[in-house]
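The letter at position 170 of the sequence shown is residue 170 when you use our numbering, and the numbering goes up by one with no holes.
The reader is advised that the hints may include incorrect statements.
What the hints assert, rightly or not - Quick list of in silico lysine to aspartate or glutamate cross-link-like pairs, DMTMM-like style, CA-CA up to 25 Å:
#: 1; residue 1: 109; residue 2: 50
#: 2; residue 1: 72; residue 2: 55
#: 3; residue 1: 140; residue 2: 222
#: 4; residue 1: 186; residue 2: 202
#: 5; residue 1: 205; residue 2: 107
#: 6; residue 1: 42; residue 2: 141
#: 7; residue 1: 140; residue 2: 202
#: 8; residue 1: 147; residue 2: 176
#: 9; residue 1: 159; residue 2: 102
#: 10; residue 1: 166; residue 2: 178
#: 11; residue 1: 117; residue 2: 102
#: 12; residue 1: 40; residue 2: 119
#: 13; residue 1: 117; residue 2: 107
#: 14; residue 1: 98; residue 2: 54
#: 15; residue 1: 117; residue 2: 54
#: 16; residue 1: 109; residue 2: 87
#: 17; residue 1: 147; residue 2: 119
#: 18; residue 1: 166; residue 2: 202
#: 19; residue 1: 147; residue 2: 50
What the hints assert, rightly or not - Derived CB-CB ranges, DEER-like:
#: 20; residue 1: 194; residue 2: 77; range: 27 to 35 Å
#: 21; residue 1: 220; residue 2: 40; range: 23 to 31 Å
#: 22; residue 1: 96; residue 2: 222; range: 29 to 37 Å
#: 23; residue 1: 208; residue 2: 178; range: 35 to 43 Å
#: 24; residue 1: 116; residue 2: 195; range: 29 to 37 Å
#: 25; residue 1: 162; residue 2: 110; range: 19 to 27 Å
#: 26; residue 1: 163; residue 2: 201; range: 26 to 34 Å
#: 27; residue 1: 210; residue 2: 43; range: 34 to 42 Å
#: 28; residue 1: 99; residue 2: 149; range: 16 to 24 Å
#: 29; residue 1: 99; residue 2: 164; range: 25 to 33 Å
#: 30; residue 1: 207; residue 2: 170; range: 15 to 23 Å
Treat the hints as calculated values from the structure; they're not laboratory data.
Beta carbons are placed, not taken as given, at the ideal position from N, Cα and C, and that holds for glycine.
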Amino acid sequence: MWRHHKTNNMEKLKFNPALRFHWLTGMYDFLLSITFPERKIKQQLIDMSELRGDEQALDFGIGTGTLSQMLKTQYPNIRIWGVDVDDNILTIAYGKLKNTVELLVYDGKRLPFTNEKFDTVVSSLVFHHIPTNMKAVVLKEIFRVLKPGGQLIIADFGKPVTTYAKIAFAIFRRLDGEEQTRANAKGQLPNFVRAAGFLVVDEFKHINTAFGTVTFIKSVKEL
C-alpha cells in the first residue's frame, strides 16, 4: 500500500499518536469534524500557498490525508508525496487517497528524498507533536528537500491571542505533552523556521479554536 523508508543507522523516532492514544487513531477524522475547524484551517493553508497546480509537493506529517485530498481536488495535476511516522494513520490515509498520493513511512529524522526535490512543502497540525530538540532537525531536512525558491507553509498551534485561547491551550498541552508544545505556546516556531535557513514572509494570520490559536507561517528558501 505504501513504502517504508528504512535506514541502517537510525532508530525510528518515538512519537505520540495524533490523538495521544493509538486506540483513538481510527476516530481521528470524526472527532476533529465535531470539535475542530480542520477544513477551514487547511483551506487557509492552501490559499496561502498560491499554487499554480503543477508543482511537486510534500505533505509533511500527512496524517489521515485530508490536506492532500483537498489539494488534489483543487489542483488535480499536482503531484504529492506524503510522509508520516505513524503506520496506523497511513492506513486511513491510503483508504482516502488510494494511489493519488505516494505515501511513505519514515523514521522521523531524515526525509527519504533527494536534495531539492519539491516546489512546496505543506504541514498541518504536526509540529506541536515534534519534540523541541527535533524541530530544528526536521526543518533543516525540509529545507534540504526544497528547491531554491520553494515554499514551506505551516499551520499549527502558536502563541494564544486571547485569554480563552491561552486557557484552552494550557489544558490541551497537558493532554498532548507540555515539552513538545512549549515552543508553540511561546510563539517560537517561526524562529526555528528562520534558523533552518528560511525567509519567513508571513506569520500573522491565525484562527482561534476550542483548543488554542492556530497560526500560519509562510516561508521560502531563497534563490
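Next on the checklist: Flag every earlier hint the structure violates by its number, smallest first.
Outcome noted: 1, 5, 8, 9, 23, 24, 25, 27, 28 and 29
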